[in-house]
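Once you've looked at the hints, dock chain B against the given chain A.
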Amino acid sequence: EAGVAQSPRYKIIEKRQSVAFWCNPISGHATLYWYQQILGQGPKLLIQFQNNGVVDDSQLPKDRFSAERLKGVDSTLKIQPAKLEDSAVYLCASSWTSGRLGDTQYFGPGTRLTVL
Amino acid sequence: KQEVTQIPAALSVPEGENLVLNCSFTDSAIYNLQWFRQDPGKGLTSLLLIQSSQREQTSGRLNASLDKSSGRSTLYIAASQPGDSATYLCAVLRDQGAQKLVFGQGTRLTINP
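So the sequence lines, in the order shown, correspond to chains A and B.
Quick note, the first sequence lines up with residues 1 to 116 if you use the working numbering.
Quick note, the second sequence lines up with residues 1 to 113 if you use the working numbering.
To be clear, the hints were calculated from the coordinates, so they are not data collected in a lab.
Ideal Cβ placement from N, Cα and C applies to all residues, glycine included.
One or more hints might be untrue.
[What the hints assert, rightly or not] Here are the simulated BS3-like cross-link-like pairs (lysine-lysine), alpha carbons at most 30 Å apart as the crow flies:
| # | chain 1 | residue 1 | chain 2 | residue 2 |
| --- | --- | --- | --- | --- |
| 1 | A | Lys71 | B | Lys42 |
| 2 | B | Lys68 | A | Lys62 |
| 3 | A | Lys11 | B | Lys68 |
| 4 | A | Lys83 | B | Lys1 |
[Stated by the list, open to error] Label-pair restraints from in silico Cβ distances:
| # | chain 1 | residue 1 | chain 2 | residue 2 | range |
| --- | --- | --- | --- | --- | --- |
| 5 | B | Asp27 | A | Gln50 | 40 to 48 Å |
| 6 | A | Gln50 | B | Gln54 | 23 to 31 Å |
| 7 | B | Pro82 | A | Leu70 | 40 to 48 Å |
Looking at chain A on its own, in the form it has when it is part of the complex:
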């Protein structure tokens, strides 16, 4: 089966610019996650969707980050305006259901963002 797809793979922008990342989960997966991974750290969950509803966005900096999952399939994560500290790899993952059942999360290759 096809894995989780993400685009673009790399993005370089200047601070205060805006940027958007796209994720297409594995077909049939109801749960979608966006993680931020700063160099030398483990991934940190930004937002979790169950179908097209938000389950957890407690660690999403809502003043500059937004995410949507229209129609419960693809998802877009946006940063506006970007700051230097947003430089990181943004990982998208999906699973059949929420983590309560211990479902494995399948990760995409990530988008490496550099903010200059």
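Chain B only, in chain A's frame:
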């Protein structure tokens, strides 16, 4: 607040050696613990998942143990190979509240031929 720590941050060993990676967590109220592998420029691949009621899981040359009461897990890699070079991350899933994985910072492993 759950915190996950992995020691060491980096490890370099010659090919063929057996090795152990360590993971500790502060809150024992977990649903499961996973070990992931991350290769440069690629996403994470799940290696082993241990439910909170289990003590260990094995897959090929990999063996992961879990001691929930002491907040520790180890990943044992037998007969290491250069292809095992990667960053290894452990992550815990809480058993209540928001169902999200909390990751350690990872151990970067290099196997020298």
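Now for the hints, and whether the structure bears them out:
1. Lys71/A <-> Lys42/B: Holds, at about 27 Å.
2. Lys68/B <-> Lys62/A: Between Lys68/B and Lys62/A the Cα gap is close to 35 Å, so the pair fails against 30 Å, i.e. violated.
3. Lys11/A <-> Lys68/B: Violated, because 40 Å separates the two Cα atoms, which is more than 30 Å.
4. Lys83/A <-> Lys1/B: Roughly 27 Å separates the two Cα atoms, so the pair holds.
5. Asp27/B <-> Gln50/A: 40 to 48 Å: violated, 24 Å
6. Gln50/A <-> Gln54/B: 23 to 31 Å: holds, 26 Å
7. Pro82/B <-> Leu70/A: 40 to 48 Å: Between Pro82/B and Leu70/A, where Cβ atoms are some 44 Å apart, the hint holds.
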